[in-house]
Amino acid sequence: MSILVNKDTRVVIQGITGEYGSQHARACIAYGTKVVAGVTPGRGGQRFEDKVPMFDTVEDAVKKEGADVSCIFVPPAGAADAIVEAADAGCRLVICITEGIPVLDMVKVRRYLEGKPTRLIGPNCPGIITPGECKIGIMPGHIHKKGHIGVLSKSGTLTYEAVGQLTAMGVGQSSCVGIGGDPVAGMDFIDVLELFNDDPDTHGVIMIGEIGGGAEQKAAAWIKANMKKPVAALIAGRAAPPGKRMGHAGAIISGGKGTAAEKIEALEDAGVKVSPTPADMASTLMSLMK
Amino acid sequence: MKIHEYQAKQIFARYGIPVPKGEPAFSVAEAEAAAQRLIEATGIPVVVVKAQIHAGGRGKGGGVKVAKGGVADARALAEKILGMQLITVQTGPAGQKVRRLYIEQGLDIDREIYLALTLDRDRRRIAVMASREGGMDIEQVAHDTPEKIHTLHVDPVIGLAPYQARKLAFALGLGAKEQMRQFTKLLDGLYKCFLAEDCSLVEINPLVVTKKGDIVALDGKVTFDDNAEIRHPEWADLRDADEEDPVELEAKKVGISYVSLDGDIGCLVNGAGLAMGTMDIIQNYGGKPANFLDVGGGATQEQVKKAFQMILRSDKVKGIFVNIFGGIMRCDVVAAGIVAATKELGLSVPLVVRLEGTNVEAGRKILDESGLKIESASSMGDGAQKIVAAVKQGAAA
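Note that the protein sequences, when read in sequence, are chains W and C. Residues in the first sequence are numbered from 1 upward in steps of one, following the numbering used here. Residues in the second sequence are numbered from 1001 upward in steps of one, following the numbering used here.
Only chain W is shown next, with the shape it has when bound in the complex (with noise of 0.2 angstroms):
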C-alpha cells in the first residue's frame, strides 16, 4: 500500500514537449510510471519519443488512454488554466510542478476545486513518489527505497534531504509528498496526514515545514487530536529574518506571524519530535520508532 499512487496510476503529462516537461517524462517513464499520454495542444496525434501518444486536451487523453492523475509541466501564465482543464477532464489528481503561478490565480483555482472529486498537489513543489511504483514529478528517483515511511514537505530538496537521509539508514519510504510552497496551494499538510494516518503500510511521518503562514500549526492541531503514528519534523527558516522571501513565495514572515519557533511550539505541544537541524531528520524519526 501507499497513499494517492502506485504501479496501476496511469499519467498524463501536460507540457510533455516543453524543455522541463520532456526532460522530466522521460525520468518518470525510466522510473517505471505509467506515463500514457501527453497533452500539447496543436500535437494531438503525434507521439512524444515515438512512444507516449500525444493529445490536444487532457479530455481526449483520459478518453483514450484511461489517464487518472495529470502532471503539470505548463509555464506558470498557463498553468491555473492547466489545472483547471485536467479537473474538468476528471483527473481524481493533479499534480502541478509550475513554479510562479500568480496567487490571484490560485485563489481562483482552488475555489474551482471546492466541492470537486479532484485533488490537488502543488502547484511549486517536487511531486509525489511511491518509491519501486510509481514517480511523478521532479525528484531524483535513486535516493528512495520502498518501505514504511510517509515524507510530506512544503520544500523539494528538504524532502531529497530527508529521504536521503532515511535510506542511508536503510529505512525505506511508502510514499512522498511535496505540497509546495506557494501561499495558495492544493493539499495541505493534514489532507496528506489523514491519508498516512489511514494507509496500514506507513508507519511513521517526516513532516517538513518551513515559516511563513499557519498551516503547520493547523497541522500540529490536527495531530494531537488525531494521528496515531509517530511524526517527527522539521521547520526551515529558525534564521531567516522577518519580512523577506525566503525563495519560496510562501515563506515569508509578515505581521511577527509564521515564524519557525511559534511552529516549532504548537508542534511539541502535539507530541511531534523536531528536529534540531535539518541533518537530524531521519534520526528523530527513528527515536520514536523503536
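Think of the hints as simulated: they come from the structure by calculation, not from any bench. Using N, Cα and C, we set each Cβ at its ideal position, and we do this for glycine too. Take these hints with a grain of salt, some might be off.
Within a straight-line C-alpha distance of at most 30 angstroms, the following computed BS3-like cross-link-like pairs (lysine-lysine) qualify [what the hints assert, rightly or not]:
id	chain 1	residue 1	chain 2	residue 2
1	C	Lys1002	W	Lys257
2	C	Lys1365	W	Lys244
3	C	Lys1288	W	Lys116
4	C	Lys1221	W	Lys257
5	C	Lys1316	W	Lys244
6	C	Lys1192	W	Lys257
7	C	Lys1252	W	Lys108
8	W	Lys257	W	Lys218
9	W	Lys218	C	Lys1365
10	C	Lys1097	W	Lys257
11	W	Lys229	W	Lys257
12	C	Lys1221	W	Lys244
13	C	Lys1288	W	Lys244
14	C	Lys1148	W	Lys257
15	C	Lys1060	W	Lys257
16	W	Lys244	C	Lys1097
17	W	Lys244	C	Lys1185
18	W	Lys108	C	Lys1167
19	W	Lys108	C	Lys1002
20	C	Lys1192	W	Lys108
21	C	Lys1288	W	Lys108
22	W	Lys244	C	Lys1167
23	C	Lys1252	W	Lys257
24	W	Lys244	C	Lys1252
25	C	Lys1148	W	Lys244
26	C	Lys1365	W	Lys145
Quick partial rundown of chain W residues pointing at chain C, CB under 10 angstroms, derived from the structure [what the hints assert, rightly or not]:
id	residue
27	Ser22
28	Gln23
29	Ala77
30	Arg110
31	Ile138
32	His142
33	Ser153
34	Gly164
35	Gln165
36	Ile211
37	Lys218
38	Met286
With chain W fixed as given, assemble chain C onto it according to the hints.
Structure of chain C alone, referenced to chain W:
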C-alpha cells in the same frame, strides 16, 4: 515588489479612489514648484512634504512634515528631508536615504480609519480589514484589541458583495447616506485595483474623513505579487532600484534567489528549503549566515559562477559553504561553476563543499583537480560544523 506612496496613489486615482492632490519631486526646486502649484490650485496654504521610501513608519521617523507657512516653508522642509538618512521601525538602524519627495495638499481631518486588502492564506481568499483606529500601528491594534478590527472575505466567484461593503461602512461609522456612497464606491474600486494590478497588499492607513465629510486616501501602500510580473511589463517603470539591495537585484537578473543577511558565512545551495535549512544549521553550530542563496533546480554553469562570484565579492564573507543535493541540479555543473568563478576572482576564504546526488563523482573530480583549497563534507551537518570551525579559526588567527 513594493512601490512608493505617490505611485500607489496614481494607481488608486485610476480606480476612482479619492486621493489628495499631490506631485512627486526629485529635487528641492521641484518640491518648491510643486508646492507653489498646489497652493494655487487648492487655495489652501498648507502642504505636506513626505519622504518617499518603501519602508513604513515614515511619520514617526521624521520623514513627513506639514508646511503651514506656504511655499518658503515647504522649500525649507524639502531641503531638510531630501537626502536625509531616514530611520524608521522598518528600515533597520542604518536607515534609508531619501531620494524622492511627495508634495501633497493639506487636508482638514475629522477622523482616521484603517483599511487594507490582503491575501488570507488560511482562508485562500482576499480579506478586507478595517478599523476605526486609523493612523495607528495596526499590528498593535490587532494584538491589543482584536475586536476593533473588522474583517471580511471575498468569494472570487461573486467578488466583493455590496452588502459586505455596507456592513463594513456601518461598522466604521460611515452609515450616513453620502459617506456610505463614497465608502462603498471606494472599496469597490480598491478591490478591482487589487485584482487587476495583481496586488498582494493594498493598505490605506489612514483613510480619512475630512471636516467636510469626504472620504480620502491620505496614505497608500501597495505591494505586488512577484509571481504576476509575467503579465505586468509596466512594473519595470515602477521599480526603484535605490530601494533594493543591489546584490539581490543583480541575482534576480540572472535568475537566482538571493537575500542578504548580517552574518559572515556565505552559502550557495540548490532549493529554497535546503537554502533556509543551510542557514539554520550554520546558526545551530554557532555560525552566522551571510546570505540566503538558491541557485534553483536547473541552474547552468554560468549561473552558478555568477552566484559564487556574488558571494566572493562580499567583504563580510569570511567563509563559504556550498551545500548541494542534486536532484535536477547536476553536481558537475555546480563544481564547474565554482571553479570558473574562482579563476577570475581567486579564493581567499575557507570553502567547504558538500555534494550529493546526480553526477556527484564527476563533480568531486572537477573540484579535486582544480587545485583549489577545498574541504569536502560528507553530510550537511559535517559541512556546517567544518565551515563554522574554519571561520572561527580564521578570526582567531
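To see whether the hints hold, each was checked on the structure:
no. : hint                 : result
1   : C/Lys1002 x W/Lys257 : holds (20 angstroms)
2   : C/Lys1365 x W/Lys244 : violated (37 angstroms)
3   : C/Lys1288 x W/Lys116 : violated (47 angstroms)
4   : C/Lys1221 x W/Lys257 : holds (20 angstroms)
5   : C/Lys1316 x W/Lys244 : holds (20 angstroms)
6   : C/Lys1192 x W/Lys257 : holds (27 angstroms)
7   : C/Lys1252 x W/Lys108 : holds (28 angstroms)
8   : W/Lys257 x W/Lys218  : holds (14 angstroms)
9   : W/Lys218 x C/Lys1365 : violated (46 angstroms)
10  : C/Lys1097 x W/Lys257 : holds (28 angstroms)
11  : W/Lys229 x W/Lys257  : holds (29 angstroms)
12  : C/Lys1221 x W/Lys244 : holds (17 angstroms)
13  : C/Lys1288 x W/Lys244 : holds (17 angstroms)
14  : C/Lys1148 x W/Lys257 : holds (19 angstroms)
15  : C/Lys1060 x W/Lys257 : holds (23 angstroms)
16  : W/Lys244 x C/Lys1097 : holds (20 angstroms)
17  : W/Lys244 x C/Lys1185 : violated (34 angstroms)
18  : W/Lys108 x C/Lys1167 : holds (24 angstroms)
19  : W/Lys108 x C/Lys1002 : holds (24 angstroms)
20  : C/Lys1192 x W/Lys108 : holds (15 angstroms)
21  : C/Lys1288 x W/Lys108 : violated (41 angstroms)
22  : W/Lys244 x C/Lys1167 : violated (35 angstroms)
23  : C/Lys1252 x W/Lys257 : holds (26 angstroms)
24  : W/Lys244 x C/Lys1252 : holds (14 angstroms)
25  : C/Lys1148 x W/Lys244 : holds (28 angstroms)
26  : C/Lys1365 x W/Lys145 : holds (27 angstroms)
27  : Ser22                : violated (13 angstroms)
28  : Gln23                : holds (8 angstroms)
29  : Ala77                : holds (5 angstroms)
30  : Arg110               : holds (5 angstroms)
31  : Ile138               : holds (6 angstroms)
32  : His142               : holds (9 angstroms)
33  : Ser153               : holds (7 angstroms)
34  : Gly164               : holds (6 angstroms)
35  : Gln165               : holds (8 angstroms)
36  : Ile211               : holds (7 angstroms)
37  : Lys218               : holds (7 angstroms)
38  : Met286               : violated (16 angstroms)
Of the hints listed earlier, those the structure fails to meet are numbers 2, 3, 9, 17, 21, 22, 27, 38, in rising order.
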